[in-house]
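**Student:** Numbering (our numbering), first residue to last: 205 to 244.
Because the hints were derived from the structure by calculation, they are not lab data.
Possibly wrong hints are sitting among the right ones.
[As the list claims (entries may be wrong)] Quick list of simulated restraints, FRET-style, between CB atoms:
#, residue 1, residue 2, range
1, GLY233, LYS212, 32 to 40 Å
2, LEU208, VAL234, 17 to 25 Å
3, ARG244, GLN215, 13 to 21 Å
4, LYS242, ASN210, 33 to 41 Å
5, GLU243, PHE207, 13 to 21 Å
Remember, predicted model here, so these are calculated numbers, not experimental data.
Here a beta-carbon is modelled for each residue, glycine too, at the ideal position from N, C-alpha and C.
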Amino acid sequence: MVFLTNKKDAQWIQSAEGQEKMAESLERGVLHYIRSLKER
Numbered sequence: 205m206v207f208l209t210n211k212k213d214a215q216w217i218q219s220a221e222g223q224e225k226m227a228e229s230l231e232r233g234v235l236h237y238i239r240s241l242k243e244r
């Protein structure tokens, strides 16, 4: 999780590395959620 009010977090999410890692984390979370729906 990133807090844009935190200066270091804001700088990190503006970097290419930060954006890539955030996108990968969001993707994993969405896929995990979708798989959990199929198990119900």
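**Student:** Does the structure break any of the earlier hints, and which numbers would those be?
**Tutor:** 1, 3, 5
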